[in-house]
Structures are given as structure tokens and as C-alpha cells.
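Student: Listed below, chain by chain, are the residues.
Number of protein chains: 2
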Amino acid sequence: MLKFDEQKQINSVNGGLALRGEIEKVVDEIQEKGFDGIYFIGIGGTWASSLQAEVYMRGRSALPVYVENAAEFITTGNKRFTKDSIVIFSSVTGNTEEMVKAVEKAKEIGAKVFGFVDKAEAEIVKLCDWCISYPENEQLKFYMTANRLMYNNGEFPEYDRYNKEMEEHLAEALVNVEKKADAWAAEYAKEVYAYVKANPDMPHYFVGSGNQWGATYSYAMCYWEEQLWIRTKSITCAEFFHGMLEVVEAETPVTLFMGEDSQRPLAERVAGFLPKVCKNYVVIDSKDYELEGISTEFRGSLSHLVMHAVNNRVDAHLEDEFKHPMVIRRYYRQFEY
Amino acid sequence: MLKFDEQKQINSVNGGLALRGEIEKVVDEIQEKGFDGIYFIGIGGTWASSLQAEVYMRGRSALPVYVENAAEFITTGNKRFTKDSIVIFSSVTGNTEEMVKAVEKAKEIGAKVFGFVDKAEAEIVKLCDWCISYPENEQLKFYMTANRLMYNNGEFPEYDRYNKEMEEHLAEALVNVEKKADAWAAEYAKEVYAYVKANPDMPHYFVGSGNQWGATYSYAMCYWEEQLWIRTKSITCAEFFHGMLEVVEAETPVTLFMGEDSQRPLAERVAGFLPKVCKNYVVIDSKDYELEGISTEFRGSLSHLVMHAVNNRVDAHLEDEFKHPMVIRRYYRQFEY
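If you're matching them up, the sequences are chains D and Z in order.
Letter by letter, the first sequence follows residues 62 to 398 of the working numbering.
Letter by letter, the second sequence follows residues 62 to 398 of the working numbering.
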């Protein structure tokens with residue numbers, strides 16, 4: 062399989078899950094001391110991951126948990142954000158301009174900051190009250206944090222059973238998703254390449270909701286647009302019906318991300334609508350992928366990870382089809398702007 | 062001027078402003094009784110207006126004010142939403158499916174509902190604890206509500222002066238924006254028509270932030286996509302730099318909405334970047350429009366209304382250029398889905 066190191070991926074996820082003790086220690090301390098609000102702050106892909114953590118908790122937890130976009134936080138700010146507030150953020154490099162300024166502003170206000178910064182030597186680490194440095198697995202780290210917050214708040218009684226299943230089976234299950242998706246992904250990438258070459262202006266439409274919305278938004282923008290320079294538009298399943306539907310015709314390329322969380326019914330509505338007006342759509346449904354050893358009731362909390370695993374395979378094949386190394390940038394960080 | 066009835070528009074805005082007494086009575090009652098959260102709930106265009114009200118208050122008010130998308134509220138729900146919560150919503154028809162279900166759910170939980178429903182005879186009016194029925198001016202109604210909430214919370218000391226200026230000058234000022242924008246809008250509509258006919262697949266990119274974000278999002282989706290069937294993508298100024306920028310080339314059509322609120326610096330960054338990579342961009346800046354009788358300090362709170370006035374003229378000319386009556390729908394409410 063192209064760009065696939067099974068053992069490395071298993072180790073990566075298991076290493077992420079092994080952060081649990083550290084994460085629990087930080088979260089327990091946060092909740093023991095008390096707070097008036099927890100703000101997941103991000104920009105671009107890390108904002109998308111923040112949205113996933115928030116929507117996951119919104120339906121399950123009475124804790125005051127919110128999302129802020131870093132650039133909005135440093136301009137508009139938030140009057141409800143105080144010295145008793147908590148920031149949670151994730152950053153690979155630790156030097157994204159908006160993120161640095163947002164954390165600086167939070168610290169000036171007197172809030173406490175919990176960072177996941179891949180590079181332990183980044184300057185931003187010094188601003189954190191707590192920091193865990195471990196590569197990748199951002200969504201997993203956020204959900205592990207969310208799970209502990211809810212457990213401590215009496216909203217996650219199945220916490221131990223959940224973690225046991227994750228620690229025993231998740232890494233293997235996600236690798237198996239990649240393996241299962243690979244042949245389909247190779248075919249899909251070929252089709253996308255042919256379509257884009259024939260229709261270079263046409264945006265590819267991505268639709269998704271719930272914890273798939275962060276996946277949909279960031280996949281369209283941070284992968285296809287930023288890393289592959291392919292036009293996209295992303296929209297939630299709910300909002301799809303309030304405007305965007307009108308520009309879908311028989312040949313319009315649409316990909317629907319379906320998950321298994323509380324917003325699945327919204328995706329089902331899109332899945333029911335599309336065949337009536339379009340014949341160039343694709344549905345990627347996390348439900349089609351077995352997650353051995355993981356209970357059905359927990360699958361909704363993993364839908365975005367399943368989608369990420371599927372899309373890892375799509376990316377590998379798109380990069381090859383388009384002969385476009387995903388690391389190159391046309392403008393981003395290439396000059397001052 | 063095409064589709065322009067000056068006196069009717071002046072009367073419409075002044076009629077909206079004249080609701081102040083009614084709005085104040087409702088808001089005062091809400092704040093006297095107390096609440097644990099105020100939720101602007103909407104879907105599509107009304108969700109976009111809700112986002113505008115929320116971002117307006119976020120930087121100025123410590124009140125717990127949030128936005129919910131109606132479809133997400135009826136699926137995922139919100140555990141922080143209780144019998145002590147308040148819903149504020151707006152609807153023209155009062156029969157949008159998601160909105161009806163969201164209000165029903167809020168009432169089941171025991172929350173209080175304040176509706177602006179244009180059609181006084183709509184069923185949803187019966188579910189409201191308070192309802193004001195007056196046509197159009199949704200954003201004005203929301204901001205008037207927001208202003209009173211902040212005034213009562215000691216966060217809007219200039220309230221009386223603000224309202225005096227609005228009531229004396231806003232309607233006339235907005236009509237003058239339309240008049241000033243008309244010649245430009247006619248030219249722009251011609252260019253858009255020529256571009257779209259030559260490049261039917263290419264999406265038109267709209268970028269905006271702050272209270273312009275609701276305007277950007279809903280203008281792209283509810284006007285161009287839904288009413289004119291033109292492809293669009295909308296993105297905030299902040300997020301533009303985290304992916305979307307990479308697909309902008311010399312001929313890519315981009316329109317930037319600039320306002321005068323706290324997020325203007327984010328739009329200025331886009332305005333500085335675009336000329337370096339693109340020669341097919343347009344900037345619509347609320348600052349270019351005089352608002353006679355209105356103090357500079359209040360202009361930020363009106364930027365989205367100025368943009369709406371400019372876009373009214375664009376719409377009138379686009380409808381004529383494309384020979385596409387904006388009332389027709391391809392799919393929306395045309396069949397069961």
C-alpha cells in the first residue's frame with residue numbers, strides 16, 4: 062500500500078492513547094480548581110478539530126465548553142472569557158501567528174492554558190500552564206480530554222469500559238479501515254483526477270455534519286485546497302438544504318461524509334436527496350467499516366477518526382494521481398502577507 | 062432605478078425601528094425574570110443573522126448569548142439549554158420545518174421563546190411567549206434586541222444617543238447607500254454575467270468577517286446559490302489564510318466584504334494579500350459609503366446593513382442580467398426530500 066506503514070500508525074495511535082494518565086492529571090486539576098468556561102481555541106485545521114470536540118460535548122455535557130477561532134479571539138475577543146477561563150489548544154509547529162497571539166491574550170487576561178504542542182521546544186510551550194508534546198492524533202487528544210471532563214462531571218459512567226476498548230482495539234481497527242478503504246480510494250482518486258482535469262474550475266462539494274463537520278471542512282480546505290490545490294466547497298448537511306442544493310445538477314461532484322453520531326439523521330436526509338438530482342455523488346459512511354472489538358454505542362465518538370483513516374488512503378492516491386506532493390505550498394508561509 | 066421604491070424602503074426601516082418600544086418591553090421582562098442563557102436559533106439565512114447578533118455581542122457583553130443551528134438543536138441538542146433558557150428567532154413564513162421543530166423542542170424543555178415572525182397567522186406564533194410580527198428587517202430586529210440586552214446589563218451607556226441617531230437617520234442613510242451603489246452594481250452585474258457565461262463552473266469566492274460573515278455566508282448561499290443558481294464559496298477572512306488562499310490565481314473571481322467592526326483588521330489582511338496573486342477581485346467596503354447623521358463610533362454596528370443595501374442593488378441587476386427571476390427555486394420546497 063502506498064505511503065502506509067502499518068506498525069508506525071499503530072504505534073502512533075497507541076502512543077496517543079497512552080497519554081491518558083497525563084491528560085487525566087491535567088483535567089482533574091482543572092476541574093478541582095474550577096473554571097467559568099473552557100475554550101477550545103484554534104485556527105484552520107485546529108479550529109476544525111475544536112469544533113469536533115465542542116459538538117461532541119454539546120449534546121452530552123452541561124459543562125460550559127465553547128469554541129473560539131484564534132483570529133476572532135485576538136480581534137473581537139470574548140467578554141465572557143475571564144481569568145477563571147481555561148484554554149485548550151493544539152498546534153503542530155507551535156508558531157502559527159494567530160495561535161501565539163491568542164494564547165498570549167489569554168495569559169494576559171489571566172486564564173490558564175492547556176496545550177498540545179507537537180514540538181516540545183516551541184516558544185508557545187512556555188506560555189502553557191500544562192503542555193503535552195506528542196506528535197499527531199490531535200482529534201484523539203481532544204476527545205480524550207473531553208471524555209475525562211465528562212467523566213469527572215458524572216456524564217460518562219462507561220468511561221473505564223470505553224477506554225479499555227480503545228486501548229485494546231482502536232489502533233488496529235483504524236489500520237484495518239485504511240486497508241479496507243485502499244482499493245476503493247485508488248479508484249476514487251483516479252476518478253477525481255479525470256474529473257478535475259476535464260473540469261478544472263468546478264469545485265468539489267463536501268457535505269457533512271456532527272463530528273463529521275470538522276472532518277468535512279478541514280478535509281476540503283486543509284487537504285484538497287491547501288495541499289492539492291483542488292477547488293472545493295464544504296457545507297453542513299443541515300445548511301445544504303438552505304441554498305446550496307440549488308446548484309447541484311446531474312454531473313456535479315458531491316461527496317457526503319456520513320458518521321454515526323447524533324447528527325446522522327441530517328446526513329441521511331442528504332443521502333436521500335442526492336440520487337434524485339445528481340449521479341456524480343459519493344457517500345463515505347463510517348458505518349461501512351468494521352471496528353473490531355469496539356461496541357456499537359461508542360462508534361459515534363469515532364466516526365471522524367474512521368473518516369480520517371479513509372481519507373488518508375484517498376490522499377495517498379490523489380497525491381500520486383495528480384503528481385502533486387502534498388507538502389508544497391503556493392503561498393502559505395512563502396512570503397509576507 | 063431598477064426594483065427600487067425609495068419611500069417604501071424608508072418606511073420599512075423606520076417601521077422596524079419603531080418596534081423599539083415593543084422589543085424593549087420583551088427584553089426587560091426577560092432580564093427581570095432572569096435566564097441561564099440566550100440562544101439565537103436559526104437555519105440558513107436566519108442562522109446567518111443569528112451569527113451576526115452573536116459576534117456583535119461577543120466582544121461587548123458578558124451576557125451568556127449563544128447561537129444554535131435549528132437542525133443541530135433538534136438532533137444533537139444542547140445539554141446546557143434548560144427551562145431557564147431563552148430562545149430568540151426570526152422567520153418570514155414561520156413554517157420552516159427545522160425551525161418549527163426547534164421551537165417545539167425548546168418549549169418541551171420549558172424554555173421561553175421570543176419570536177420575530179413576519180406572518181402573524183403562522184402556527185409557530187402560538188408557541189412563542191412573545192412574538193413581534195413585522196415584515197423584513199431581521200438583522201435590525203436582532204440588533205435592537207441585542208442593544209437592549211446590553212443596555213440593561215450596563216454595557217451600552219450610549220444607548221439613547223445611538224437610538225436617536227438611528228431613528229433620525231438610518232432609513233435615509235441606507236437608501237442613500239443604495240443610490241450611491243447602483244451605477245457600480247449595474248457594472249459589476251454585467252461583469253459577473255459575462256464571467257459566469259464564459260466560466261460556468263467556476264465558483265465565485267466571497268470573503269468576510271465579523272458581522273460581515275453572516276452577510277458573506279448568506280449572500281453567497283441564500284442569494285447567489287439559492288436565488289440565482291450561481292456557484293459560490295464563502296469563507297471568513299481569518300480562515301481564508303488557512304487553506305483557501307492556495308486556489309486563488311490571477312483570474313479567480315473573489316469579492317471581499319469589508320466592514321467597520323472589530324474584525325476589520327482581518328479583512329484588511331485579505332485586502333492586502335489579494336492584489337499580490339489575483340487581478341479579478343472586488344472589494345466592497347462599508348467605509349466607502351457615507352451614513353449622514355450617524356457617528357463614526359456606531360458605524361461598525363451597521364456594516365452588515367450597509368453591505369445588504371449595496372447587495373440589494375447587485376441583486377436587482379443580476380436578476381436582470383441573468384434573466385433569472387430570484388423567486389424561482391429548482392428544488393427547494395418543490396418536492397418531498
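Please keep in mind that the hints were generated in silico from the structure rather than gathered at the bench.
Treat each hint with caution, since some may be false.
It does not matter which identical chain is used: a pair holds within one copy or between any two.
Straight-line C-alpha distance at most 27 Å; calculated DSSO-like pairs for lysine-lysine [claimed, not checked]: (1) 384 to 180; (2) 180 to 241; (3) 162 to 337; (4) 94 to 140; (5) 258 to 340; (6) 348 to 140; (7) 162 to 251; (8) 64 to 340; (9) 337 to 166; (10) 240 to 69; (11) 241 to 162; (12) 168 to 340; (13) 69 to 337; (14) 162 to 240; (15) 69 to 258; (16) 241 to 168; (17) 144 to 187; (18) 187 to 337.
Student: How would you classify residue 168 and residue 340 at a CA-CA limit of 27 Å: within, between, both, or neither?
Tutor: neither (52 Å within a copy, 41 Å between copies)
Student: Between copies, within a copy, both or neither: which fits residue 162 and residue 240 at Cα up to 27 Å?
Tutor: neither (41 Å within a copy, 41 Å between copies)
Student: Checking residue 94 and residue 140: alpha-carbon separation at most 27 Å within a copy, between copies, both or neither?
Tutor: both (21 Å within a copy, 22 Å between copies)
Student: Between residue 69 and residue 258, at a C-alpha cutoff of 27 Å, which is it: within one copy, between copies, both, or neither?
Tutor: neither (34 Å within a copy, 50 Å between copies)
Student: What label fits residue 241 with residue 162 when the C-alpha limit is 27 Å: within, between, both, or neither?
Tutor: neither (42 Å within a copy, 39 Å between copies)
Student: Using 27 Å as the alpha-carbon threshold, which applies to residue 64 and residue 340: within, between, both, or neither?
Tutor: Classified as neither: same-chain Cα gap 31 Å, cross-chain 38 Å, threshold 27 Å.
Student: With identical chains, the pair residue 187 and residue 337 could be close in the same copy or across copies; at 27 Å between alpha carbons, which is it: within, between, both, or neither?
Tutor: neither (55 Å within a copy, 35 Å between copies)
Student: Within, between, both or neither: how does the pair residue 180, residue 241 come out at a Cα-Cα threshold of 27 Å?
Tutor: neither (32 Å within a copy, 53 Å between copies)
Student: For residue 241 vs residue 168, is the C-alpha pair at or below 27 Å within one copy, between two copies, both, or neither?
Tutor: neither (45 Å within a copy, 46 Å between copies)
Student: Given identical chains, is residue 258 near residue 340, meaning Cα to Cα at most 27 Å, within a copy, between copies, both, or neither?
Tutor: both (19 Å within a copy, 24 Å between copies)
Student: Measure nothing new, just compare the shortest in-copy and cross-copy C-alpha distances for residue 337 and residue 166 to 27 Å and report within, between, both or neither.
Tutor: For residue 337 and residue 166, the Cα distance exceeds 27 Å both inside one copy (50 Å) and across copies (30 Å).
Student: Using 27 Å as the alpha-carbon threshold, which applies to residue 162 and residue 337: within, between, both, or neither?
Tutor: Cα proximity of residue 162 and residue 337: across copies only (25 Å, versus 48 Å in one copy).
Checked against the numbered hints listed earlier, the structure breaks hints 1, 2, 7, 8, 9, 11, 12, 13, 14, 15, 16 and 18; every other hint is satisfied.
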